[in-house]
Amino acid sequence: MNIASTQPGTALRRARHLLEGGSLPPAGLIAPTVAHSWERSLRAGLLPFSPPAVADHLAARHLAQAVERRRELLMRARPVMDYLHAQTKGSDSVVILADDNGVLIEALGDAAFVERAERVALKPGASWHERHRGTNAIGTALVEAQPVAVHGGEHFFEHNRFLTCAAAPIAGPDGRVLGVLDISGPQRGRHPHTFGLVRAATHMIENKLFEARHEGEYRIRFHPQADGIGTLAEGMVALSEEGLVIGANRAALAFLAITPSDIGKALIEALLPLRMADILDHGHRHPGTTLGLACPGGGRFSLRVEPGWRAVVRPAAMPAPDRVQDALADLDTGDPTMAGAIERVRKILGKPIPLLLQGESGVGKEVFATALHATGPRRGRPFVAVNCAALPEHLIEAELFGYAPGAFTGARREGSAGRIREAEGGTLFLDEIGDMPLALQCRLLRVLQDRQVVPLGGGKAVSVDFALIAASHRPLKAEAEAGRFRADLYYRLNGLTLCLPPLRARRDFAALVARMIETMEPGAGIGLDPDVADALAGHGWPGNLRQLANVLRFACALRDPGEIRLGWHHLPEDLIEELRCPSGVDTDAGAGPATLRAASDSLIERMVAASGGNLSEAARRLGISRNTLYRRMNGWAKPPAPLPMGPARPCMK
2 MNIASTQPGT
12 ALRRARHLLE
22 GGSLPPAGLI
32 APTVAHSWER
42 SLRAGLLPFS
52 PPAVADHLAA
62 RHLAQAVERR
72 RELLMRARPV
82 MDYLHAQTKG
92 SDSVVILADD
102 NGVLIEALGD
112 AAFVERAERV
122 ALKPGASWHE
132 RHRGTNAIGT
142 ALVEAQPVAV
152 HGGEHFFEHN
162 RFLTCAAAPI
172 AGPDGRVLGV
182 LDISGPQRGR
192 HPHTFGLVRA
202 ATHMIENKLF
212 EARHEGEYRI
222 RFHPQADGIG
232 TLAEGMVALS
242 EEGLVIGANR
252 AALAFLAITP
262 SDIGKALIEA
272 LLPLRMADIL
282 DHGHRHPGTT
292 LGLACPGGGR
302 FSLRVEPGWR
312 AVVRPAAMPA
322 PDRVQDALAD
332 LDTGDPTMAG
342 AIERVRKILG
352 KPIPLLLQGE
362 SGVGKEVFAT
372 ALHATGPRRG
382 RPFVAVNCAA
392 LPEHLIEAEL
402 FGYAPGAFTG
412 ARREGSAGRI
422 REAEGGTLFL
432 DEIGDMPLAL
442 QCRLLRVLQD
452 RQVVPLGGGK
462 AVSVDFALIA
472 ASHRPLKAEA
482 EAGRFRADLY
492 YRLNGLTLCL
502 PPLRARRDFA
512 ALVARMIETM
522 EPGAGIGLDP
532 DVADALAGHG
542 WPGNLRQLAN
552 VLRFACALRD
562 PGEIRLGWHH
572 LPEDLIEELR
582 CPSGVDTDAG
592 AGPATLRAAS
602 DSLIERMVAA
612 SGGNLSEAAR
622 RLGISRNTLY
632 RRMNGWAKPP
642 APLPMGPARP
652 CMK
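In this text, residue positions in the sequence shown follow my numbering: the first is 2, and each later residue adds one.
If you're looking for bench data, these hints aren't it; they were derived computationally from the structure. Fair warning: there could be bad hints in the mix.
[As the list claims (entries may be wrong)] Pair ranges (Cβ atoms, derived):
no., residue 1, residue 2, range
1, 245, 349, 17 to 25 angstroms
2, 337, 201, 49 to 57 angstroms
3, 466, 347, 51 to 59 angstroms
4, 349, 225, 20 to 28 angstroms
5, 21, 226, 45 to 53 angstroms
6, 263, 538, 50 to 58 angstroms
7, 12, 263, 38 to 46 angstroms
8, 201, 479, 27 to 35 angstroms
9, 25, 120, 25 to 33 angstroms
10, 162, 255, 47 to 55 angstroms
Since this is a predicted model, take the numbers as computed values, not measurements. All C-beta atoms, glycine included, are put in the ideal place defined by N, C-alpha and C.
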């Protein structure tokens with residue numbers, strides 16, 4: 002811990018006089034933390050009377066990205082910040098959360114002080130890293146990796162001397178610093194308890210992060226005193242079933258004398274005189290009870306074991322997915338673009354990162370989202386899909402957010418929870434989100450940001466927990482740049498953006514067809530005639546997978562009992578016309594005996610023969626009207642020479 006602001010006024014004035022002259026003060030004149038920070042600031046090329054070396058603010062989209070990157074930190078920190086703000090209200094101070102780069106991402110403060118603080122860019126979007134703003138509590142706490150207080154003239158820049166600041170780094174369960182919590186105010190209002198308040202608040206946030214990250218894992222809570230369990234001072238460790246320490250809070254690191262680098266490597270049996278088998282047994286036999294533990298060095302811990310529901314329930318109810326056979330792997334049928342998308346999305350499974358799926362209508366965005374849900378850790382919870390384009394505009398708000406009883410005419414008497422709350426614990430899939438009205442985009446953004454939803458017509462805010470997948474056929478980035486979609490919502494949605502390829506661009510057409518047919522007619526051994534397969538493979542498929550599935554379903558329905566090959570006569574008539582008369586083909590330009598016309602005549606002749614001269618049956622098999630068949634046959638001057646059906650597509654007019 003470093004409390005820098007303890008220097009007598011005279012000593013500090015002498016130190017600043019030397020600093021402003023370009024020299025560092027001698028050792029002992031100011032606190033070592035301040036002296037080292039001043040030295041780093043000078044080495045960074047900063048001067049006490051110069052403006053900051055960087056622009057005051059990130060661009061809005063870059064700030065949105067920074068906020069999204071630390072969304073989980075912000076979500077856990079905001080209730081604590083609200084508490085701090087309430088405790089310091091009226092003291093002309095501001096409570097600040099910065100990320101691990103020193104960028105301010107949230108600020109709550111008294112209006113009287115906020116305006117003055119903003120003049121020195123003490124507001125979201127500004128970087129307060131030490132290399133940009135010199136000595137200050139936020140930036141120096143990051144560099145020192147410990148709590149820091151900087152008061153008045155200890156700030157490197159002259160124009161920050163009116164501030165008094167106390168800040169502490171916030172570490173995740175793996176020991177990595179995620180951000181910094183800070184309280185800043187005018188130096189005349191400095192309070193001796195502010196530093197301790199910030200440190201305690203930081204511990205609260207770290208413990209919330211720990212519990213959220215390791216919910217369902219085996220956990221040990223311990224403290225030298227039994228009454229310390231359940232307090233901010235308790236140590237918390239998360240364990241794998243093998244006894245490996247996979248998470249630890251700050252107190253646990255200190256109690257066990259380990260560092261963040263030991264997480265994921267150290268076994269609990271090497272740190273405490275307790276076997277993993279005993280931990281498991283005690284957790285299941287005596288949940289919630291405290292166990293006394295004497296350590297070899299003479300110390301003693303009181304310990305409480307929390308059994309992990311993930312390890313207990315998941316093998317029975319939700320088998321861990323096999324990498325070869327899971328739902329995502331089933332989508333990999335040989336196309337490299339899809340394989341790449343699947344590989345990328347695997348890396349965010351179980352992580353609080355939203356997914357945005359882009360692609361033409363019908364490419365399988367909902368299928369992909371469903372597979373992701375079925376493969377991830379939320380697969381035992383609800384998957385709620387909402388098509389934002391299919392709902393009437395006046396009903397979207399009630400459908401998504403729910404409504405209180407009697408909220409509007411026609412509302413159900415008991416009200417409605419809404420689709421967002423139905424996704425609690427699972428996955429919310431917002432399809433065609435690009436069609437959501439702008440007014441509702443703002444409200445959705447607030448839900449995604451606060452993770453709370455308020456029903457239409459009033460009522461208590463309800464906390465929600467869900468994984469978010471959004472999809473749109475519209476290019477949302479371009480829509481946001483054109484003002485047709487909220488830019489802040491776009492950057493909230495695109496934690497990872499995947500563009501699914503259209504069917505015409507995929508290299509696995511044959512495998513897709515085989516899989517679809519097997520799904521529709523399992524075990525029947527049905528396939529396509531080679532010429533039909535070639536024709537379908539070369540089609541443009543504007544409706545993508547959805548259109549292909551409809552065509553194959555129609556063809557399977559038309560096949561006779563025992564037929565295992567789908568031919569031209571099984572296809573819809575409109576598709577046959579498209580396949581045989583592709584746009585841009587001039588069937589009358591220099592047509593010779595071996596042209597598309599001749600090939601189509603040959604097909605007609607063969608189909609008539611196969612139908613035993615029954616022209617109605619032949620027309621049905623060809624997928625054309627009987628009148629069209631009569632016209633074509635009446636136009637024959639002589640029997641056409643038979644030609645094999647290949648890539649050429651006969652045009653029937």
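Against the structure, the hints come out as follows:
{"no.": "1", "hint": "245 <-> 349: 17 to 25 angstroms", "verdict": "holds (23 angstroms)"}
{"no.": "2", "hint": "337 <-> 201: 49 to 57 angstroms", "verdict": "holds (53 angstroms)"}
{"no.": "3", "hint": "466 <-> 347: 51 to 59 angstroms", "verdict": "violated (22 angstroms)"}
{"no.": "4", "hint": "349 <-> 225: 20 to 28 angstroms", "verdict": "violated (40 angstroms)"}
{"no.": "5", "hint": "21 <-> 226: 45 to 53 angstroms", "verdict": "holds (50 angstroms)"}
{"no.": "6", "hint": "263 <-> 538: 50 to 58 angstroms", "verdict": "holds (56 angstroms)"}
{"no.": "7", "hint": "12 <-> 263: 38 to 46 angstroms", "verdict": "holds (41 angstroms)"}
{"no.": "8", "hint": "201 <-> 479: 27 to 35 angstroms", "verdict": "violated (47 angstroms)"}
{"no.": "9", "hint": "25 <-> 120: 25 to 33 angstroms", "verdict": "holds (29 angstroms)"}
{"no.": "10", "hint": "162 <-> 255: 47 to 55 angstroms", "verdict": "violated (35 angstroms)"}
In the structure shown, a violation is registered for the earlier hints numbered 3, 4, 8 and 10, in ascending order.
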